[in-house]
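Letter by letter, the chains look like this.
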Amino acid sequence: MVAQRNPLYSAISLIGVFISLACLYVTLAAPFIAAVQVIVYAGAIMVLVVFVIMLLNVEIAERPMRLRALVPIAVMLAAVLFAEAVFMIYFVQASPATPTRNISDVGLTRSIGEGLFTTYLLPFEITSILLLMAIVGAMTLARTGGLLSSRAAVVPGDQVFAKEMLNRQKYIDDLTPVTTHSTEEARGLLGVEDQDRSPKA
Amino acid sequence: MEDLKHLALLMIGILVAFTVVMTLVAYTVLAERRVLGFIQGRLGPNRVGPGGFLQPLADLLKFIFKEDIVPDKSTRFIYFLAPIIATVAALMTMVVYPFGPDVNLPVLGTIRLVITRFDVALLYVLGVTSVGVYGIALAGWSSNNKYSLMGGLRSSAQMISYELALGLGLIGVVLQSGTLDLYSIVEQQAGHLGISGWNMIWVQPLGFLIYLIAAIAETNRVPFDLPEAETELVAGFHTEYSAMKFALFFLAEYVNMFTVSMLATTLFLGGWNGPFVHQLPWLGVFYFLGKVILFLFLYIWLRGTLPRFRFDQLMAFGWKYLVPAAIFNIVLTATLQWLGAFDYLAQFLKTQTGFWG
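If you read the protein sequences in the order shown, they are chains A and B.
Here the first sequence stands for residues 12 to 212, where the numbers follow the working numbering.
Here the second sequence stands for residues 16 to 372, where the numbers follow the working numbering.
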């Protein structure tokens, strides 16, 4: 996933990573988490990511690799990670403790549901409120600014048009004129800055 | 030895289920063409074999021998990957559906007519279905064609929106039966003559309706076939696909129809439950497939009857009507569950079943 140059390939690889992760969860006797992993990450979030990549039509330019100096460090870190993995495998095999047979129902739907709606109800609800806040925040950020662009010409008592639209007659059909009664009102309506307030004759 | 036997049974089960479903899918295509022909006052394909019975075979041969065209500026790897994702995702859900009750076989003993059974089967179905979106979205993108891209984008938006309504519509059933395991859900629906216990009738009529509508949208069928709207987008996301790759998309669509119908049958129409299943377990398989075929016929019927949605109507309908209705259904079901209405109903149905055996 990291090595790909094409962002879409990276995204697809990431989907593969998520699905593999779900398989790991299954082997860890947590089928519910595995299913949720696939539904939420592979099924919903990554669809949006792929969607955005497809819409933006990102260039697949062969960029020169930046941060070349970091390559040795990255290799070292990877080696450490690998060594760690080898050690873990060795350690687990060498351990005399047999894996516990009765992993019981830790990963099953019922136990997770009970946990979420009894013991951990408050954190669960707080998380949902956090998500709600994120949604409202995103919408608020996306809706800043007035009704028209800051290049609008404001004539009190007259109809309000955007300057650039007046210059190019072909767009005149797209305009919805708004009648105002004072400069203040028009400015409030448009959300324009000072330099754009000068009336056009 | 026991493991080996289990494995062999599993393999046989997958093989049989695969063959049966694939055959039925092939004949769904034929049935669709014949029924549409009937609706539109024409004959449909009737030349290959008696009554057109061998038409699917002819179609398959034609698909195989057609030229396989790859657009010049396509993103080749993804272009090849997309139909595979679509088909695999469509076929993968097949393993969790209970096709019938426990049956006795001469050599193998008592076997259960479900390939695998696990705790979160329903979530598994939803998860795999949601991965299927990529097949269509990536196909649209990688073809490097504006019609394909439009189709892919429409389909992504549509499937994400309706997946929500679909999932919410199913929660009612889950709440009421208290499990995500499809086999248990089917077993719970055995009522009077194997009919009165169906979820659709007593407890989830609204959920059933929501699921049905959302499922048609999920499979990109009329009236929700905007991703491949012929009159607007040539053929939508599979405009640039030909030969077997197109056949894979075609297959994926019909297998999706099939799996969606199987889920509807399992959750709302009592799965393999029906009259006299307890005496003759093999009847269950026929009941199950019969109900599925009923749904498939409904699909074809709708295709011959309804015009296509406009895109804004589609979105408004999904988000402003289906989702609120589904949430209302959840609240209603939860309230009834809390009041103990379903327990009472189950008790009532149980006393009735005893009478009929």
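The set of hints was computed from the structure by calculation and includes no laboratory data.
Glycine included, every Cβ here is placed at the ideal spot set by N, Cα and C.
Heads up, some of the hints might be wrong.
Stretch by stretch, here's where chain A covers chain B in the computed footprint (C-beta under 8 Å, at least three residues) [said to hold, decoys possible]:
hint	region
1	55 to 64
2	224 to 238
If you anchor each label on the Cβ, the simulated ranges turn out as follows [to be verified]:
hint	chain 1	residue 1	chain 2	residue 2	range
3	A	Thr130	B	Tyr42	23 to 31 Å
4	B	Val118	A	Leu66	34 to 42 Å
5	A	Tyr101	B	Ile99	36 to 44 Å
6	B	Thr350	A	Ala149	43 to 51 Å
7	A	Ile56	B	Thr350	54 to 62 Å
8	A	Val82	B	Ala73	55 to 63 Å
9	A	Thr130	B	Phe312	22 to 30 Å
10	A	Ala145	B	Met16	28 to 36 Å
11	B	Asp18	A	Val82	32 to 40 Å
12	B	Ala23	A	Thr130	22 to 30 Å
Practice prompt. Return holds or violated for the Cβ distance of A:Thr130 and B:Tyr42 against the range 23 to 31 Å.
Written response: At 52 Å between Cβs, range violated.
Worksheet item: Taking the beta carbons of A:Thr130 and B:Phe312, is their distance inside 22 to 30 Å?
Response: 49 Å, violated
Worksheet item: Count the residues of the region 55 to 64 of chain B with a beta-carbon closer than 8 Å to any beta-carbon of chain A: does the count reach three?
Response: Answer violated; 0 residues pass the 8 Å Cβ test.
Item to complete: Look at the Cβ atoms of A:Tyr101 and B:Ile99 and judge whether their distance stays inside 36 to 44 Å.
Response: 38 Å, holds
Worksheet entry | Pairwise beta carbon distance, A:Val82 to B:Ala73, judged against the given window 55 to 63 Å | The hinted range 55 to 63 Å holds for A:Val82 and B:Ala73, with Cβ atoms some 58 Å apart.
Worksheet item: Range hint 34 to 42 Å: satisfied by the CB atoms of B:Val118 and A:Leu66?
Response: Since B:Val118 and A:Leu66 have Cβ atoms about 52 Å apart, the given range 34 to 42 Å is violated.
Practice prompt. Can you let me know if the beta-carbon spacing of A:Ala145 and B:Met16 is within 28 to 36 Å?
Written response: 55 Å, violated
Item to complete: Could you tell me whether the CB distance from B:Thr350 to A:Ala149 stays inside 43 to 51 Å?
Response: 33 Å, violated
Practice prompt. Confirm or reject the claim that A:Ile56 and B:Thr350 have a C-beta distance inside 54 to 62 Å.
Written response: About 32 Å separates the Cβ atoms of A:Ile56 and B:Thr350, which means 54 to 62 Å is violated.
Item to complete: Could you check the hint for me, namely that B:Asp18 and A:Val82 are 32 to 40 Å apart, CB to CB?
Response: 47 Å, violated
Practice prompt. Please test the hint of 22 to 30 Å on the beta carbon pair from B:Ala23 and A:Thr130.
Written response: 44 Å, violated
Worksheet entry | Proximity test - 8 Å, beta-carbon atoms, the region 224 to 238 of chain B to chain A, at least three hits | violated (count 0)
The structure fails to meet hints 1, 2, 3, 4, 6, 7, 9, 10, 11 and 12 from the earlier list, while all remaining hints are met.
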